[in-house]
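**Student:** In case you want the letters, here they are:
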Amino acid sequence: MSDERPAGPDKAVEQPATEQSPENAPEALGEPGLEVRAVGERQGMFGVQGSGDTSGYGGLVAPVVLPGAAQRPYGGWFDAAADALDPLLEQVVIHRGEITFHVHRDNLVAVARKLRDDPDLRFELLSGVSGVHYPGDAGRELHAVYHLMSFTWNRRIRVETAAPDGDPHLPSLVPVYPAADWHERETWDMYGIQFDGHPALTRILMPDDWPGHPQRKDYPLGGIPVEYKGASVPPPDQRRSYN
Amino acid sequence: MVSTSSTTNQDYYADGADTAEGRVFTVTGQDWDEIAADMGDSDAAERIVVNMGPQHPSTHGVLRLILEIEGETVTEARCGIGYLHTGIEKNMEYRSWTQGVTFCTRMDYLSPFFNEMTYVLGVERLLGIEDGQGNSTVPEKAQIMRVLLMELNRISSHLVCIATGGMEIGALTVMTIGFRERELVLDLFELITGLRMNHAFIRPGGVAQDLPPGALDEIRSFVALMKKRLPEYAALCNANPIFKARLENVGHLDLEGCMALGLTGPVLRSTGYGFDLRKAQPYSGYETYDFDVQTWDTSDSYGRFRVRLNEMHESLRIIEQAADRLARLEGAPVMVADKKVAWPSQLSIGSDGMGNSLDHIRHIMGESMEALIHHFKLVTEGFRVPAGQAYVPVESPRGELGAHVVSDGGTRPFRAHFRDPSFNNLQAMGVMSEGGQIADVIVAIASIDPVMGGVDR
Numbered sequence: 066m067s068d069e070r071p072a073g074p075d076k077a078v079e080q081p082a083t084e085q086s087p088e089n090a091p092e093a094l095g096e097p098g099l100e101v102r103a104v105g106e107r108q109g110m111f112g113v114q115g116s117g118d119t120s121g122y123g124g125l126v127a128p129v130v131l132p133g134a135a136q137r138p139y140g141g142w143f144d145a146a147a148d149a150l151d152p153l154l155e156q157v158v159i160h161r162g163e164i165t166f167h168v169h170r171d172n173l174v175a176v177a178r179k180l181r182d183d184p185d186l187r188f189e190l191l192s193g194v195s196g197v198h199y200p201g202d203a204g205r206e207l208h209a210v211y212h213l214m215s216f217t218w219n220r221r222i223r224v225e226t227a228a229p230d231g232d233p234h235l236p237s238l239v240p241v242y243p244a245a246d247w248h249e250r251e252t253w254d255m256y257g258i259q260f261d262g263h264p265a266l267t268r269i270l271m272p273d274d275w276p277g278h279p280q281r282k283d284y285p286l287g288g289i290p291v292e293y294k295g296a297s298v299p300p301p302d303q304r305r306s307y308n
Numbered sequence: 023m024v025s026t027s028s029t030t031n032q033d034y035y036a037d038g039a040d041t042a043e044g045r046v047f048t049v050t051g052q053d054w055d056e057i058a059a060d061m062g063d064s065d066a067a068e069r070i071v072v073n074m075g076p077q078h079p080s081t082h083g084v085l086r087l088i089l090e091i092e093g094e095t096v097t098e099a100r101c102g103i104g105y106l107h108t109g110i111e112k113n114m115e116y117r118s119w120t121q122g123v124t125f126c127t128r129m130d131y132l133s134p135f136f137n138e139m140t141y142v143l144g145v146e147r148l149l150g151i152e153d154g155q156g157n158s159t160v161p162e163k164a165q166i167m168r169v170l171l172m173e174l175n176r177i178s179s180h181l182v183c184i185a186t187g188g189m190e191i192g193a194l195t196v197m198t199i200g201f202r203e204r205e206l207v208l209d210l211f212e213l214i215t216g217l218r219m220n221h222a223f224i225r226p227g228g229v230a231q232d233l234p235p236g237a238l239d240e241i242r243s244f245v246a247l248m249k250k251r252l253p254e255y256a257a258l259c260n261a262n263p264i265f266k267a268r269l270e271n272v273g274h275l276d277l278e279g280c281m282a283l284g285l286t287g288p289v290l291r292s293t294g295y296g297f298d299l300r301k302a303q304p305y306s307g308y309e310t311y312d313f314d315v316q317t318w319d320t321s322d323s324y325g326r327f328r329v330r331l332n333e334m335h336e337s338l339r340i341i342e343q344a345a346d347r348l349a350r351l352e353g354a355p356v357m358v359a360d361k362k363v364a365w366p367s368q369l370s371i372g373s374d375g376m377g378n379s380l381d382h383i384r385h386i387m388g389e390s391m392e393a394l395i396h397h398f399k400l401v402t403e404g405f406r407v408p409a410g411q412a413y414v415p416v417e418s419p420r421g422e423l424g425a426h427v428v429s430d431g432g433t434r435p436f437r438a439h440f441r442d443p444s445f446n447n448l449q450a451m452g453v454m455s456e457g458g459q460i461a462d463v464i465v466a467i468a469s470i471d472p473v474m475g476g477v478d479r
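Chains A and B, in that order, give the protein sequences.
The opening residue of the first sequence carries number 66 in this note's numbering; numbering runs sequentially from there.
The opening residue of the second sequence carries number 23 in this note's numbering; numbering runs sequentially from there.
Mixed in with the good hints, there may be bad ones.
Unchecked claim - Below, a list of computed lysine-lysine pairs in the BS3-like style, where the Cα atoms sit at most 30 Å apart: (1) LYS282(A) to LYS362(B); (2) LYS301(B) to LYS250(B); (3) LYS301(B) to LYS179(A); (4) LYS266(B) to LYS250(B); (5) LYS399(B) to LYS361(B); (6) LYS249(B) to LYS301(B); (7) LYS399(B) to LYS282(A); (8) LYS250(B) to LYS294(A); (9) LYS249(B) to LYS266(B); (10) LYS362(B) to LYS399(B).
Just so you know, the hints here were simulated from the structure itself, not pulled from any lab data.
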């Protein structure tokens with residue numbers, strides 16, 4: 066897009082996600098950390114269940130696969146950044162010119178500290194924390210995604226970590242990036258991820274006594290059917306979906 | 023009236039209550055006598071916590087301020103937010119990618135085009151139709167129209183910021199002239215998109231429709247008028263002793279504080295650091311426009327006011343350049359050529375305003391069954407976006423606005439999270455106003471310019 070935006074990797078690194086379903090993965094991906102994970106399953110073609118569908122399309126089952134791990138060389142400054150963090154990383158994903166460092170939650174604070182303080186990295190700005198709930202990603206259901214930017218080098222990276230539904234704990238980044246304060250409160254509010262070490266982890270958008278965490282996939286959208294000219298329109302989460 | 027009643031049957035507004043920190047009274051007005059009588063024989067310390075808002079004309083929307091005060095001095099300040107939370111991000115997960123624009127445009131209601139833009143840029147990156155990624159990319163005219171609309175929007179947003187900020191310190195003339203000019207921008211929006219706000223005009227792949235006839239003339243006369251009127255603000259405020267006395271050295275936050283708390287936009291630029299995403303990480307062709315990043319070096323509310331005022335002049339420069347380019351691109355496409363992504367129908371202007379294009383309806387209803395099927399599939403089901411995640415921030419009037427867009431390969435966003443600059447910047451409210459006077463809290467907040475629709479989403 067611009068001259069200053071770091072050159073992404075060569076095209077060869079990027080593989081379309083659709084070709085990476087576990088069945089189709091090449092055997093070379095046997096190394097740990099490079100396996101292709103399905104994070105969900107898509108059933109049928111039209112989202113209609115229990116109808117007299119005789120087309121056969123309703124029986125389609127396809128895994129949902131996110132872009133897989135990239136292999137070296139990543140290209141541009143990506144390699145140097147990955148070298149600096151190397152033992153702390155689980156996986157490096159490069160997709161559409163954006164780099165994502167997957168980090169185990171135990172290493173998150175160490176990675177953040179290094180990203181902020183290392184003069185070759187200098188990611189001074191934590192843009193925010195974004196939770197994502199993958200109910201199908203067994204053992205790593207709750208993801209927290211951190212977007213970081215370096216003013217010094219004018220670069221952007223993404224750091225992603227995960228916690229299981231049964232033990233929704235992540236270390237807080239507030240001691241490293243004070244800006245994470247409200248963002249972590251929002252992620253706790255919306256996903257129920259507990260950020261250990263946060264100075265005051267309370268709800269921020271929902272009322273204090275609200276039950277549940279609304280952005281989780283198992284939390285219903287809610288809504289009532291709307292009558293219009295004799296017809297009834299169901300709420301959005303109960304309409305026919307084409308996913 | 024004041025009693026030590028049990029907490030189960032508490033009169034919320036009048037009773038005192040025993041807490042871990044001692045006895046607490048809730049004062050609602052006209053009950054000082056009773057409370058004084060009740061407190062009289064105790065050794066109670068006076069520690070006053072004032073709730074300001076969420077319904078208060080000076081808090082810039084439904085923002086609740088929790089201020090601990092000593093006389094007129096604020097010793098501790100915290101924000102309570104969430105009063106305008108509408109679940110926009112959750113709702114977007116239940117609509118198609120194109121429909122998502124209709125939701126996110128409503129978040130930060132003073133800068134709708136920026137909300138649309140960052141979301142659409144994320145979707146386009148996942149679709150691989152960004153600039154320079156292949157043959158089917160977003161057409162040039164759409165990119166220029168986006169820049170034009172965003173810069174017009176920056177002017178209208180800054181005008182509201184300056185206008186309401188003026189109103190909150192009692193400068194009502196600033197408010198009336200600010201809203202007078204903003205109305206002109208909204209008229210342009212209405213002409214181009216059909217709506218004054220909540221446009222849903224920037225769509226994945228381009229924009230919803232072409233410029234209407236005569237729009238460029240209107241834009242040019244607007245620019246000419248604004249060049250006369252913007253100096254009025256400078257004449258009214260820049261050297262006004264009362265205005266300066268209220269703003270200078272108020273809401274101070276230096277560069278270190280801005281970086282630690284993640285502040286961007288005019289607040290960051292008022293520290294003298296000229297960081298602007300339009301220059302640093304340009305999108306939509308900003309690198310081809312001639313404009314300067316405006317900074318000030320006082321790190322206070324007055325500096326932020328001057329940065330905003332100067333930025334409006336820069337926006338006018340960009341608008342002029344964009345209008346010149348659009349004049350050369352009459353009839354060029356405004357939607358990506360890929361028919362699997364492009365919205366099938368275009369609106370047209372009839373005798374009764376904007377509406378369906380009769381030509382398009384004739385085509386799908388009378389001429390081509392395939393076109394009808396195509397239209398139906400794309401409008402009801404939508405297009406699929408390859409699995410992955412993207413984050414493409416834009417420089418909104420308030421700072422870095424970014425959408426973290428996650429796709430699982432389906433026809434709906436798996437997750438769309440907005441990093442709203444108001445949400446982030448409001449964290450600095452405490453640092454900016456603790457130790458100052460109550461009246462300065464208002465000025466500090468006005469200088470952050472939070473829009474609660476964006477904060478709470």
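**Student:** Now tell me, hint by hint, if it's right for this structure.
**Tutor:** Each hint tested on the structure:
no.	hint	verdict
1	LYS282(A) to LYS362(B)	28 Å, holds
2	LYS301(B) to LYS250(B)	27 Å, holds
3	LYS301(B) to LYS179(A)	27 Å, holds
4	LYS266(B) to LYS250(B)	23 Å, holds
5	LYS399(B) to LYS361(B)	12 Å, holds
6	LYS249(B) to LYS301(B)	24 Å, holds
7	LYS399(B) to LYS282(A)	26 Å, holds
8	LYS250(B) to LYS294(A)	53 Å, violated
9	LYS249(B) to LYS266(B)	24 Å, holds
10	LYS362(B) to LYS399(B)	10 Å, holds
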